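Undergrad: Below are the chains, spelled out letter by letter.
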Amino acid sequence: MTVPLGAYVAVSAALFFIGCAGVLVRRNAVVILMCVELMLNAANLALVAFSRKYGSIDERGSVFVVFVFVIAAAEVAVGLGIILSAYRNRPVVNVDEIHQMKG
Amino acid sequence: MISLVWLIPAFPLAAFLASGLFGRRWLGRMTGVIASAAVGLSALLSIGVFLEVLGGKTQTVVTLYRWIGVGEFSVNVSALVDPLSSVMLLVVTVVSFLIFVYSNGYMEHDAGFYRFFAWLSLFVFAMLILVMADNYLLMFVGWEGVGLCSYLLIGFWFERPAPYYAAKKAFVMNRIGDWGYTIGIITIFLVFGSMNFVDVFKRLDESALPQGTLTLICIALFFGATGKSAQLPLYSWLPDAMEGPTPVSALIHAATMVTSGVYLVARSMPLFEVAGPSLQIVGIVGAITAIFAATIALVQFDIKRVMAYSTVSQLGYMFLALGVGAPVAAIFHLATHAFFKALLFLGSGSVIHGLGGEQDMRKMGGLHRKMPVTFWTMLVAGGALAALFPLSGFWSKDEILGAAFGSGHLVLYAIGIVTAVLTAFYVTRALWMTFYGEPRDHHLYDHAHESPRVMTLPLMALAVGSAVLGVAIGYAPEQGFIHQFLNPVVEAGVVEHVPELATIIALALVSVVAGAIGIAVGFSMYVRHRPDPAALTRSAGPIYRILVNKYYIDELYDHRFVEGARAIAGASWAFDIHIIDGLANRLGWALAMGGQGLRRVQTGIVGNYALTIVAGLLLVLVVYGGYAAGIVGR
Chain A
1 MTVPLGAYVA VSAALFFIGC AGVLVRRNAV VILMCVELML NAANLALVAF
51 SRKYGSIDER GSVFVVFVFV IAAAEVAVGL GIILSAYRNR PVVNVDEIHQ
101 MKG
Chain B
1 MISLVWLIPA FPLAAFLASG LFGRRWLGRM TGVIASAAVG LSALLSIGVF
51 LEVLGGKTQT VVTLYRWIGV GEFSVNVSAL VDPLSSVMLL VVTVVSFLIF
101 VYSNGYMEHD AGFYRFFAWL SLFVFAMLIL VMADNYLLMF VGWEGVGLCS
151 YLLIGFWFER PAPYYAAKKA FVMNRIGDWG YTIGIITIFL VFGSMNFVDV
201 FKRLDESALP QGTLTLICIA LFFGATGKSA QLPLYSWLPD AMEGPTPVSA
251 LIHAATMVTS GVYLVARSMP LFEVAGPSLQ IVGIVGAITA IFAATIALVQ
301 FDIKRVMAYS TVSQLGYMFL ALGVGAPVAA IFHLATHAFF KALLFLGSGS
351 VIHGLGGEQD MRKMGGLHRK MPVTFWTMLV AGGALAALFP LSGFWSKDEI
401 LGAAFGSGHL VLYAIGIVTA VLTAFYVTRA LWMTFYGEPR DHHLYDHAHE
451 SPRVMTLPLM ALAVGSAVLG VAIGYAPEQG FIHQFLNPVV EAGVVEHVPE
501 LATIIALALV SVVAGAIGIA VGFSMYVRHR PDPAALTRSA GPIYRILVNK
551 YYIDELYDHR FVEGARAIAG ASWAFDIHII DGLANRLGWA LAMGGQGLRR
601 VQTGIVGNYA LTIVAGLLLV LVVYGGYAAG IVGR
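Protein chains in written order, with the numbering used here: chain A, 1 to 103; chain B, 1 to 634.
Keep in mind that a hint or two might mislead.
[What the hints assert, rightly or not] One side of the interface only, derived from the structure: several residues of chain A facing chain B at Cβ under 8 Å:
| no. | residue |
| --- | --- |
| 1 | Phe64 |
| 2 | Asp96 |
| 3 | Lys102 |
[What the hints assert, rightly or not] DEER-style ranges, computed between Cβ atoms:
| no. | chain 1 | residue 1 | chain 2 | residue 2 | range |
| --- | --- | --- | --- | --- | --- |
| 4 | A | Val78 | B | Gly616 | 50 to 56 Å |
| 5 | B | Leu617 | A | Leu5 | 39 to 45 Å |
| 6 | A | Phe17 | B | Leu587 | 21 to 27 Å |
| 7 | A | Phe17 | B | Gly604 | 22 to 28 Å |
| 8 | A | Gln100 | B | Gln596 | 18 to 24 Å |
| 9 | B | Arg24 | A | Arg90 | 19 to 25 Å |
| 10 | A | Ser85 | B | Ile577 | 20 to 26 Å |
[Claimed, not checked] Partial selection, computed: residues in chain B whose CB lies under 7 Å from chain A:
| no. | residue |
| --- | --- |
| 11 | Gly604 |
| 12 | Ile605 |
| 13 | Leu611 |
| 14 | Thr612 |
| 15 | Gly616 |
Keep in mind the hints are simulated off the structure, nothing from the lab.
If you're wondering where the values come from, they're calculated on a predicted model, not measured in any experiment.
Every residue gets a Cβ at the ideal spot worked out from N, C-alpha and C, and that includes glycine.
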């Protein structure tokens with residue numbers, strides 16, 4: 001049996017909005033990063049699904065997913081680096097308390 | 001020697017650089033010696049150049065480099081060495097040298113010693129450029145240079161307000177004249193396509209040019225000359241310029257700079273001769289200035305101001321000579337005047353120095369016992385100014401009056417004679433009040449002393465010049481050495497008239513009698529009090545008041561021009577402050593306020609940023625969705 005495309009898209013959308021809601025409501029910086037990962041992977045799922053359904057021989061959608069992995073890895077590295085140095089500066093991980101750069 | 005002519009201005013320039021750059025720290029009092037030596041070398045070179053010109057090299061152009069070159073048009077930095085410029089070089093460098101030596105004594109105790117010599121050297125450099133230039137543009141460089149130095153040196157004691165204001169006045173009035181000069185040289189360029197003296201005069205001969213344009217050129221140039229040479233209507237800066245140190249008055253405001261207008265007109269004589277009524281205008285302005293300034297000089301009490309008005313008056317004589325077509329007489333008078341008027345100023349300076357700064361003749365008197373050298377030399381100079389036979393002023397002034405008479409300008413001649421009477425009177429008055437009679441201020445008198453040797457030696461040298469220069473180069477009248485020397489340059493088209501001997505003697509007698517009358521009246525009034533000067537002053541109340549107040553010309557100018565200029569300046573200032581600055585400030589203020597407002601967007605709370613991003617994304621989705629569904633128009 002084949003899973004219909006709509007199911008993939010539904011799961012992808014659900015993951016995306018869960019991640020999005022997490023980014024908006026959570027205060028812990030590490031959790032926010034994890035939620036961003038969730039959103040990225042939601043996008044990956046959609047890409048793979050559409051690639052599978054409409055993709056031609058070269059699987060461009062799947063190749064794009066690899067790029068997203070790489071960017072996600074880089075983003076996590078930079079994000080964790082920022083969080084660490086912020087933590088070294090002030091021992092909090094609550095993003096609402098890190099607002100020295102307020103205008 | 002002529003090929004070395006550029007060394008003549010190079011020495012003063014070097015002295016300027018040396019004293020300006022190193023004077024304060026290292027050279028100190030040596031600046032005076034260095035500058036004097038430099039100008040002395042220039043004087044020696046000038047003598048060499050003069051002798052070579054005398055030997056027959058009547059026109060040489062020494063080019064230093066090409067200054068401006070646009071297609072056919074070119075202006076060179078080059079010197080035109082001919083009899084006229086060689087005479088000017090000689091007068092300028094010799095008189096400058098003597099005044100430089102004198103200044104070593106006069107400025108001895110001044111804190112700005114090195115500054116004084118730096119600027120004085122720069123002045124000599126600019127003046128030499130002015131007289132050497134072979135074109136109107138390079139001459140203008142010198143013209144502006146001497147104006148700048150005049151400004152700097154009038155305002156030499158800028159800590160006091162009076163010199164500062166006098167300097168500003170001199171500068172502004174000279175700028176007004178320079179405007180005329182600028183119009184003149186621009187028109188010359190448009191009409192002739194060249195600024196070179198030789199080219200311009202050659203083209204003038206070759207082609208018939210419209211009278212109106214030539215007259216415009218000449219009037220404009222003459223207007224420039226009235227500014228620099230203190231003629232009506234731009235004369236009133238010169239008396240105020242006496243706020244400067246006395247050697248400056250002697251060098252710049254008597255002997256050299258103020259005569260550059262005369263030199264300009266003499267140099268441009270071929271233009272003036274063909275340009276309609278311009279020569280008449282020159283003559284009339286000169287004559288009116290001569291008598292006008294002489295009447296003011298009658299009642300001044302400041303010894304330097306008497307000399308200043310006398311200078312204005314004598315410059316008027318020179319323009320009178322130019323106006324009646326006798327440029328040689330003008331240059332002759334320029335040369336003799338440079339000597340005797342420089343001497344009168346330096347003598348006044350010696351008196352002022354000896355009295356510790358007092359310039360009011362009412363506080364002097366009896367000084368001939370205390371300052372014999374100053375007295376005798378000034379007596380020679382005063383005699384020359386009053387045109388006593390056989391001193392130098394007699395020969396040159398007689399020649400001017402003779403030319404006025406001989407060319408049929410009888411009114412100008414009459415004005416000249418009346419002015420001669422007035423001149424003799426005021427110089428008698430000034431010398432008597434200073435050197436004879438009872439000392440009127442005993443405290444000053446007791447402390448008076450003769451000046452040091454470094455000051456009296458130049459006085460004696462100038463006295464020799466004032467005594468013999470006239471007969472040396474001016475005998476016989478109308479055919480003397482100076483005529484033979486200068487005629488080839490300046491009198492190309494002027495009608496040559498050698499009057500008969502009887503006429504010459506008659507004219508000379510009239511001049512001598514005029515001088516004698518002036519001196520006799522002066523003696524009668526100040527020695528025998530018949531009529532008593534004070535009583536005369538009272539009985540001639542209104543006239544005296546007009547003279548003492550200098551015909552209210554300064555007040556008139558203040559009222560007519562200065563106030564208007566101030567009002568315009570005030571309006572411009574207000575416009576600048578309120579409109580220009582206001583616009584810039586308002587713009588900056590608006591941007592700052594905008595920034596303040598936008599600043600609040602940066603809350604520093606990451607959640608807010610994320611929310612904004614999501615909101616933007618949603619907005620894009622909604623719009624795109626509407627777009628795709630056809631709700632938003634394509």
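Undergrad: Give a verdict on every hint.
TA: How the hints compare with the structure:
1. A cut of 8 Å between beta carbons decides the hint on phenylalanine 64 of chain A: the least distance to chain B is about 19 Å, and the hint is violated.
2. Annotation: aspartate 96 of chain A was flagged as interfacial toward chain B, and the flag holds, the nearest CB pair being 5 Å apart, inside 8 Å.
3. With its C-beta approaching chain B no nearer than about 3 Å, lysine 102 of chain A sits inside the 8 Å limit, and its interface hint holds.
4. The hint said 50 to 56 Å for the Cβ distance between valine 78 of chain A and glycine 616 of chain B, and at roughly 22 Å that hint is violated.
5. Roughly 23 Å separates the CB atoms of leucine 617 of chain B and leucine 5 of chain A, a value that falls outside the hinted 39 to 45 Å.
6. The hint said 21 to 27 Å for the Cβ distance between phenylalanine 17 of chain A and leucine 587 of chain B, and at roughly 46 Å that hint is violated.
7. Separation of phenylalanine 17 of chain A from glycine 604 of chain B is about 26 Å and conforms to the stated range, judged on CB atoms against 22 to 28 Å.
8. Between glutamine 100 of chain A and glutamine 596 of chain B the C-beta distance comes to about 19 Å, which sits within the given range of 18 to 24 Å.
9. Distance hint for arginine 24 of chain B and arginine 90 of chain A: a CB-CB separation of about 60 Å, inconsistent with the stated range 19 to 25 Å.
10. For the pair serine 85 of chain A and isoleucine 577 of chain B, the supplied restraint of 20 to 26 Å is violated, since their beta-carbon distance comes to about 51 Å.
11. For the restraint placing glycine 604 of chain B at the interface with chain A, the shortest Cβ-Cβ distance is roughly 3 Å, inside the 7 Å limit, so the hint holds.
12. Nearest Cβ of chain A to the Cβ of isoleucine 605 of chain B: about 5 Å, under the 7 Å cut. The hint holds.
13. Because the closest C-beta pair between leucine 611 of chain B and chain A is about 6 Å apart, less than 7 Å, the hint holds.
14. With a least beta-carbon distance of about 11 Å to chain A, the hint placing threonine 612 of chain B at the interface is violated under the 7 Å criterion.
15. Violation of the interface hint for glycine 616 of chain B is found here, the shortest Cβ-Cβ separation to chain A being roughly 13 Å, above the 7 Å cut-off.
Hints 1, 4, 5, 6, 9, 10, 14 and 15 from the earlier list are contradicted by this structure; the remaining hints agree with it.
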